[in-house]
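Trainee: If you want the building blocks of each chain, they are given just below.
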Amino acid sequence: MGLIMKKQRNIFRLLILALFFIIVPIVLYNLGDFPKRSFLMDVLSIITILGFSLFLSQFFSTRINQKLVKDIRMVNVLKIHKFIGYLFISILLLHPFFIVVPKFFDNGVSPTDAFLTLITSFNSLGVILGIIAYTSMLILLITAFFRFKIYLKYKTWRYLHGYLTTLFIITATWHVINLGRHGTNPFSIYYILAVVSVIYFLLKTYLFKTSKK
Amino acid sequence: MKESTNNLSRRKFIALAGGAASFAAIAAMGLPTDWALNTTKVDVDSLSFDKIKTDVLVIGGGMAGLFAAVKAHDAGAKVLMVSKGRLGASGQTPFAKGIFTYDPKKEKLSIDEFAQAVSRSALGTNNPAYTKQLAEHSLDRVNELKQWGFFDSSLYNKSFSKPINDRNIPLQERVVITHLIKENNKIVGAAGFSLDSEKIIFYEAKSVILCTGAGGFKPNGFPICDLTHDGTIMAYNIGAKVTGKEWNDGHPAKSENAAACYDGWGDMFEKKPETTSVEIRHDLGVDMNYTAYINGGAAQMGPPGMGKQENIVVGGPYRPEEFNNAGGHQGGKKEGEKRPPRKEGKGGPPGMGGSVVGGSSAGMSIHKAEGIVPINDQCESNISGLFAAGDALGSYMAGAIYTQIGSSLAGSAVQGAVAGEAAAKYSKTVKTASISSSKIKEIKEEILAPLKRDAGYSAAWVTQTLQGIMIPNFIIYIKKENLLKGALAYVEELRDHHLPTLRAKNFHELRLVHETANMIVTAEMKLKASIMRTESRCSHYRIDYPEVDYENWNVWINIFKGEDGTMQFEKQPFNTWPI
Amino acid sequence: MSIESINGCIGCEECIKSCPTDVIRLNPTTKKAEIVYQEDCQICHLCRMYCPVDAITISPEKSIPVIVSWG
Ligand SMILES: Cc1cc2nc3c(=O)[nH]c(=O)nc-3n(C[C@H](O)[C@H](O)[C@H](O)COP(=O)(O)OP(=O)(O)OC[C@H]3O[C@@H](n4cnc5c(N)ncnc54)[C@H](O)[C@@H]3O)c2cc1C
Ligand code: HEM
Ligand code: HEM
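Chains as they are written, first to last, in the UniProt record's numbering: chain H, 1 to 213; chain S, 1 to 579; chain B, 1 to 71.
Listed next, the in silico BS3-like pairs over lysine-lysine satisfying Cα-Cα at most 25 angstroms (straight line):
1. H:36 - S:271
2. B:17 - S:505
3. H:155 - H:79
It is worth saying that the hints were derived from the structure and are not from the lab.
Given only the sequences and the hints, what does the whole structure look like? Please build it.
Mentor: What follows is the structure, encoded as structure tokens:
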């Protein structure tokens with residue numbers, strides 16, 4: 001009996017996460033009055049947006065989310081965390097290239113030229129933020145993958161990881177709001193709410209709960 | 001031989017042209033922007049100006065401008081290129097996809113036979129010197145284009161930039177030239193303003209090559225809304241002779257969303273360019289306008305030229321027997337064949353399927369059949385140091401009707417190169433060019449006047465009114481004297497009472513004002529030349545003079561500004577150079 | 001509505017330069033391309049074709065009355 005209840009509670013917690021970080025963006029995507037693009041480009045957009053919102057959810061698949069940890073044990077939490085982390089980092093590494101995909105299907109500007117213009121448009125704050133976010137994401141990936149090989153104390157690594165993610169999430173969110181073709185008000189408010197709560201929880205854990213650990 | 005056209009009183013005009021008048025009234029309702037106070041934010045009095053010196057100034061960044069700049073540079077001149085829009089992305093060049101190449105190894109016709117065939121289709125209106133020049137040089141130009149990567153992309157800015165950058169030719173884009181400057185009967189430069197730096201710029205140049213393209217009345221359905229015959233009118237204003245205003249380009253547009261140039265042309269704008277070879281036709285005059293006029297407009301047009309019986313009309317523009325086979329009566333179908341093949345399905349070209357409307361290129365003549373009158377085959381005008389090439393030169397290369405497919409683009413390349421070399425050579429004979437400070441002051445005033453006006457008419461409103469007067473089928477396409485005169489009275493009203501009071505509140509509007517002024521002068525030229533040519537031939541159709549008149553009208557009409565500032569006309573017999 | 005919207009602009013100015021009729025300008029504060037003179041759009045799609053990030057949406061209707069030869 002208790003076991004079933006616990007299972008339901010587990011599922012319920014995960015469902016809330018899924019609702020907030022998967023369903024909400026999809027709903028916003030469909031409610032917004034965005035210019036129609038090709039099916040391929042719409043799919044790529046959704047993948048990018050979901051990748052980003054799931055990064056936000058990463059904060060809740062760690063020790064920060066103590067209730068979840070209690071419910072499904074740390075190993076399982078980390079399984080989810082690592083799976084989403086590695087999968088979507090890999091996908092989002094391709095995101096700048098996704099943006100020039102339409103250039104493969106016409107005879108105009110070549111994809112290479114378009115890409116070079118894109119990553120050299122330093123006129124645009126959004127592009128600079130994107131590049132910073134991209135770099136920190138790359139470092140995040142490398143330091144995560146080689147966390148046992150880089151001779152850091154586990155605690156130091158976690159701090160590094162935590163600070164990198166904070167830098168990443170702030171620049172990335174700003175980037176998305178500044179540049180995103182779907183960066184209308186509902187989306188922006190959603191991102192800001194998510195980031196503010198994420199950072200609140202993170203700081204709470206770092207600043208007040210470190211001793212408890 | 002001079003002829004002047006009579007003016008009409010306004011009242012008489014209204015009686016004559018109720019139709020045109022009501023069109024204008026409808027047009028005027030569209031925009032709530034007639035006479036109003038000017039809300040200039042530009043501090044006109046503190047505007048500075050730049051002065052730049054060069055040997056050869058090339059105005060225009062299309063196909064003609066490209067070759068003019070490159071060849072003038074290669075002939076040893078210091079060149080500067082300036083364009084209202086972007087290199088390879090302004091004027092008509094970006095939209096043309098077929099370029100003619102005469103390859104002597106592959107063609108059955110010799111160059112002389114080619115020129116004769118063009119002449120037969122053009123009913124003698126072509127200038128064989130330029131027709132042959134086209135064929136002689138086209139292959140060389142096409143090969144150069146190939147090297148620069150022209151055929152690798154549907155967009156031309158990159159390939160056009162290559163030779164310009166390789167040679168370090170300075171290039172200024174988004175600069176609107178408004179004045180050519182002549183002193184002591186010689187060209188000394190030009191002036192205009194930059195849309196970005198919001199400055200006036202004076203160019204001191206030993207010679208100027210106009211590669212400013214053709215133009216129109218900012219019509220709907222043909223991508224020429226940035227072209228208003230600026231070069232032609234600037235040159236006319238300093239005494240150059242101008243020709244070809246009575247001819248008409250008869251491109252139709254789809255009646256649904258007629259203004260959508262891109263959609264009207266299927267996916268053509270997305271295609272890479274291709275070459276075409278000898279194929280002489282008699283295309284895109286006003287045959288379809290005539291059909292619409294007789295049959296009553298769009299309702300009965302059906303798919304034109306597709307063999308629909310009820311669309312065959314009797315009479316109309318004369319088409320030489322030899323060139324009659326080309327698919328029925330209309331421009332539409334031939335249009336499809338004129339350009340490189342396109343993808344199926346995605347909406348045909350204008351005139352193929354669906355109903356069509358006329359006037360999409362209103363105000364434009366046949367390419368190369370209007371513009372500055374050349375005094376020889378070196379693209380030279382009657383003003384020392386002033387050259388013109390491409391659509392800005394009235395070379396009559398292909399005659400007063402479209403004859404050779406793809407020759408317009410090739411002709412601009414060929415003539416650009418010829419003019420570039422000739423201008424470089426000329427500039428060596430001139431010591432220096434300098435613009436006097438009195439001229440600078442005068443021209444600065446003229447350019448900025450619309451910004452200084454406290455109130456005035458908007459360029460947008462005057463343009464729409466002009467469109468309402470000129471574009472109806474029964475005005476510039478199917479012409480008759482009384483309606484031409486009626487429209488002329490209207491245009492003269494715009495010239496005398498609106499043009500001097502156009503207002504601009506920023507540099508975008510300043511550009512529109514100068515363009516509108518040029519359109520009004522062009523309209524006057526078109527109407528007066530159309531009244532003067534009392535015959536029908538090629539793309540000029542007078543319903544009151546429907547026959548070709550070989551006896552009196554084997555002549556081109558030249559237009560120039562008389563001593564008293566009025567518009568003068570003269571006839572120049574075919575196959576002669578002006579005296 | 002001719003040129004309708006620009007979404008996901010990176011401020012590279014390709015469209016501004018490529019527009020033959022000067023419809024688009026750079027917004028000096030946001031550093032993004034902005035449709036300023038929509039009524040002058042000739043619906044030629046050059047801006048869209050030159051845009052490296054496919055940010056421009058264009059519809060075939062013109063925003064001001066269309067004058068043609070017959071109708
Ligand atoms: C839709 C379309 C399809 C066509 N298809 C074909 C085809 O398949 N084959 C073919 O042979 N021809 C075709 N043509 C015709 C061909 O495009 C032109 O004849 C040719 O490109 C003209 O080149 P140009 O350099 O003389 O003038 P343009 O290309 O018109 O260039 C004029 C230049 O002058 C500049 N300019 C104008 N006024 C000013 C000013 N006041 N100050 C500064 N600069 C100014 C403009 O910005 C522009 O750069 C087509 C035209 C169109 C519109
Ligand atoms: C964008 C992706 C990621 C984000 C936003 C993110 C975020 C976080 C955060 C906020 C923490 C908590 C840090 C702390 O409690 O001090 C954390 C912990 C951790 N992360 Fe990530 N992470 C991401 C990717 C990864 C990846 C790819 C791995 C792969 C190994 C990983 C492994 C870990 C581990 C092992 C912990 C420690 C768990 C713990 O002790 O709480 N993370 N992550
Ligand atoms: C890892 C870092 C990055 C993340 C998480 C990220 C995420 C996103 C997201 C979610 C969007 C919004 C998509 C939409 O609204 O449809 C977006 C848009 C965009 N991004 Fe990034 N991005 C990153 C890095 C970059 C980089 C390095 C570039 C290129 C320099 C870039 C260029 C763009 C552009 C041009 C857009 C707007 C176009 C569009 O919305 O499709 N991004 N980004």
